[in-house]
Amino acid sequence: MRVGTSSTLGGRDVRATPAAPHAEIAGLGIDPDDLPDGLVVADEQGRVICFNAAAARITAVPAADALGLPLERALPLEDLEGRRWWQLTDPYGGLAIRVGQPERNLLLPGAREVLVSARYIRTEPTGPVRRVVVSLRDTEARRRTERSHAELIATVAHELRSPLTSVKGFTATLLAKWERFTDDQKKLMLETVDADANRVTRLIAELLDISRIDSGRLEVRRQPVDIGAAVGRHIQAYVAAGQPADRFLLRIEQPLPDLWADPDKIDQVLSNLLENAVRHGEGTVTIDVTPTASPREGEGHQAAATSVTVSDEGTGIPEESMNRVFTRFWRGSKRGGTGLGLYIVKGIVEAHGGTITVGRAPSGGAEFRFTLPVGAPAYLA
Numbered sequence: 001m002r003v004g005t006s007s008t009l010g011g012r013d014v015r016a017t018p019a020a021p022h023a024e025i026a027g028l029g030i031d032p033d034d035l036p037d038g039l040v041v042a043d044e045q046g047r048v049i050c051f052n053a054a055a056a057r058i059t060a061v062p063a064a065d066a067l068g069l070p071l072e073r074a075l076p077l078e079d080l081e082g083r084r085w086w087q088l089t090d091p092y093g094g095l096a097i098r099v100g101q102p103e104r105n106l107l108l109p110g111a112r113e114v115l116v117s118a119r120y121i122r123t124e125p126t127g128p129v130r131r132v133v134v135s136l137r138d139t140e141a142r143r144r145t146e147r148s149h150a151e152l153i154a155t156v157a158h159e160l161r162s163p164l165t166s167v168k169g170f171t172a173t174l175l176a177k178w179e180r181f182t183d184d185q186k187k188l189m190l191e192t193v194d195a196d197a198n199r200v201t202r203l204i205a206e207l208l209d210i211s212r213i214d215s216g217r218l219e220v221r222r223q224p225v226d227i228g229a230a231v232g233r234h235i236q237a238y239v240a241a242g243q244p245a246d247r248f249l250l251r252i253e254q255p256l257p258d259l260w261a262d263p264d265k266i267d268q269v270l271s272n273l274l275e276n277a278v279r280h281g282e283g284t285v286t287i288d289v290t291p292t293a294s295p296r297e298g299e300g301h302q303a304a305a306t307s308v309t310v311s312d313e314g315t316g317i318p319e320e321s322m323n324r325v326f327t328r329f330w331r332g333s334k335r336g337g338t339g340l341g342l343y344i345v346k347g348i349v350e351a352h353g354g355t356i357t358v359g360r361a362p363s364g365g366a367e368f369r370f371t372l373p374v375g376a377p378a379y380l381a
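Okay, so the sequence shown: first residue is 1 according to the working numbering, each after it adds one.
Be aware that one or more of the hints could be misleading.
SDA-like cross-link-like pairs, simulated, lysine to any residue; straight-line CA separation at most 25 Å [claimed, not checked]:
1. Lys-187 to Ala-240
2. Lys-177 to Leu-188
3. Lys-186 to Ala-176
4. Lys-186 to Thr-201
5. Lys-187 to Asn-198
6. Lys-168 to Met-189
7. Lys-187 to Leu-207
8. Lys-168 to Leu-207
9. Lys-186 to Ala-172
10. Lys-187 to Arg-161
11. Lys-187 to Pro-163
12. Lys-168 to Val-129
13. Lys-177 to Val-156
14. Lys-177 to Asp-196
15. Lys-168 to Asp-184
16. Lys-177 to Ala-195
17. Lys-177 to Ile-153
18. Lys-168 to Arg-147
19. Lys-177 to Asp-194
20. Lys-168 to Ala-205
21. Lys-187 to Ser-162
22. Lys-187 to Thr-155
23. Lys-187 to Arg-199
24. Lys-168 to Val-133
25. Lys-177 to Leu-164
26. Lys-168 to Leu-190
27. Lys-187 to Glu-206
28. Lys-177 to Arg-161
29. Lys-168 to Val-193
30. Lys-186 to Thr-155
It is worth saying that the hints were derived from the structure and are not from the lab.
Using the sequences and the hints given, assemble the complete structure.
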């Protein structure tokens, strides 16, 4: 870090040189240039004495050019209404009780947006400002989050429009022309309405799951789970719906450890993985349930977890798409669905302390493998 001046603050030396980082953080062994956010410090005269590497990157101003300049020249910030921020806030001449400025969006020359917060350092509670410490953050991460939210809203709006239009159309038709339809026609329309209502319900459930995953509030209520029996129930449901029984191969390696997990959420994981294999894969869908080492333990802790592998004999997932499978809105080569299912699956597995991976099956198709540690009952977790 380059420095143009030095002084003392409350008996502390605040010099900063290339060999001696700023004293406030030197005690931690941290150089300001190692900080991820921009750091700018001005002395009691309002001249810049610290301008770290991140600040230089964000502002596109070399540190050597900024050091020694008045703060308002080194950081010519304006608010979104075009007002000069330093004149507006007046850190050195404003109210003596102020301690800083909260983070807000401001503009650098060229209308480049940056997140800025400031802290005023005084030797006495209402004394003169001896240092102004400014934090700078690029807005790109926030923009990515905003884009993700916008994509989610657009996807949800699109997915809701079709079933709601169908529900509205059929119910309006039935109400207006009930007497004209036969019982079979009425039944067909009501079954369609019921299916579309279920689709809306599933979408709302997905949105709630995403909200809980993103906020870290996904609750796991652990109970004893027979994972082999759970897989068997899903297979029976597919066979009852018309899939040939010989399309599924379930292999369970005994003995399995006692598994404590949230049965509803594990059903959700199995449902999604099997649906992907049936809908997008080909040939036999193979499900292997085996004891394994916990993903949180060493290799010596054998049989501390249960692993479930779902594979098919289709074309598989392209190598270049492997790292995007568990992201939002990934749908692969075939359209359909919201593209949120695998994102939710990953969140559920990780909420259990487990791991999930994707790869290529020996038969050439897609292979999903998730591992769940044994866990403990909810009242002991």
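### Query
Holds or violated: are the alpha carbons of Lys-168 and Met-189 at most 25 Å from each other?
11 Å, holds
### Query
Does the alpha-carbon distance linking Lys-186 and Thr-155 stay inside the 25 Å limit?
31 Å, violated
### Message
Next pair to validate is Lys-187 with Leu-207; report whether the Cα-Cα distance is within 25 Å.
### Response
30 Å, violated
### Query
Does the alpha-carbon distance linking Lys-177 and Arg-161 stay inside the 25 Å limit?
With a Cα-Cα distance of about 24 Å, the restraint between Lys-177 and Arg-161 holds, given a limit of 25 Å.
#### Entry: Satisfaction of hint between Glu-206 and Lys-187, Cα-Cα up to 25 Å
29 Å, violated
### Message
Given the hinted pair Lys-168 and Ala-205, is their Cα-Cα distance within 25 Å?
### Response
OK: Lys-168 and Ala-205 at ~21 Å, within 25 Å.
### Message
Run the distance test for Lys-187 versus Arg-199: straight-line Cα separation, threshold 25 Å.
### Response
The hint holds at about 18 Å.
### Query
Is it true that the CA of Lys-168 sits at most 25 Å from the CA of Val-129?
Roughly 65 Å between the alpha carbons, so the hint for Lys-168 and Val-129 is violated.
### Message
Between the alpha carbons of Lys-168 and Leu-207, is the straight-line distance 25 Å or under?
### Response
Given that 25 Å is the threshold and the Cα spacing comes to 22 Å, the pair holds.
### Query
Are Lys-168 and Val-193 close enough, with their CA atoms no more than 25 Å apart?
Roughly 9 Å separates the two Cα atoms, so the pair holds.
### Query
Between Lys-186 and Ala-172, is the straight-line Cα distance small enough, at 25 Å or below?
Holds, at about 12 Å.
### Message
For Lys-168 and Leu-190, compute the direct alpha-carbon distance and say whether it is at most 25 Å.
### Response
11 Å, holds
Hint check: violations occur at hints 7, 12, 13, 17, 18, 22, 24, 27 and 30; the rest are consistent with the structure.
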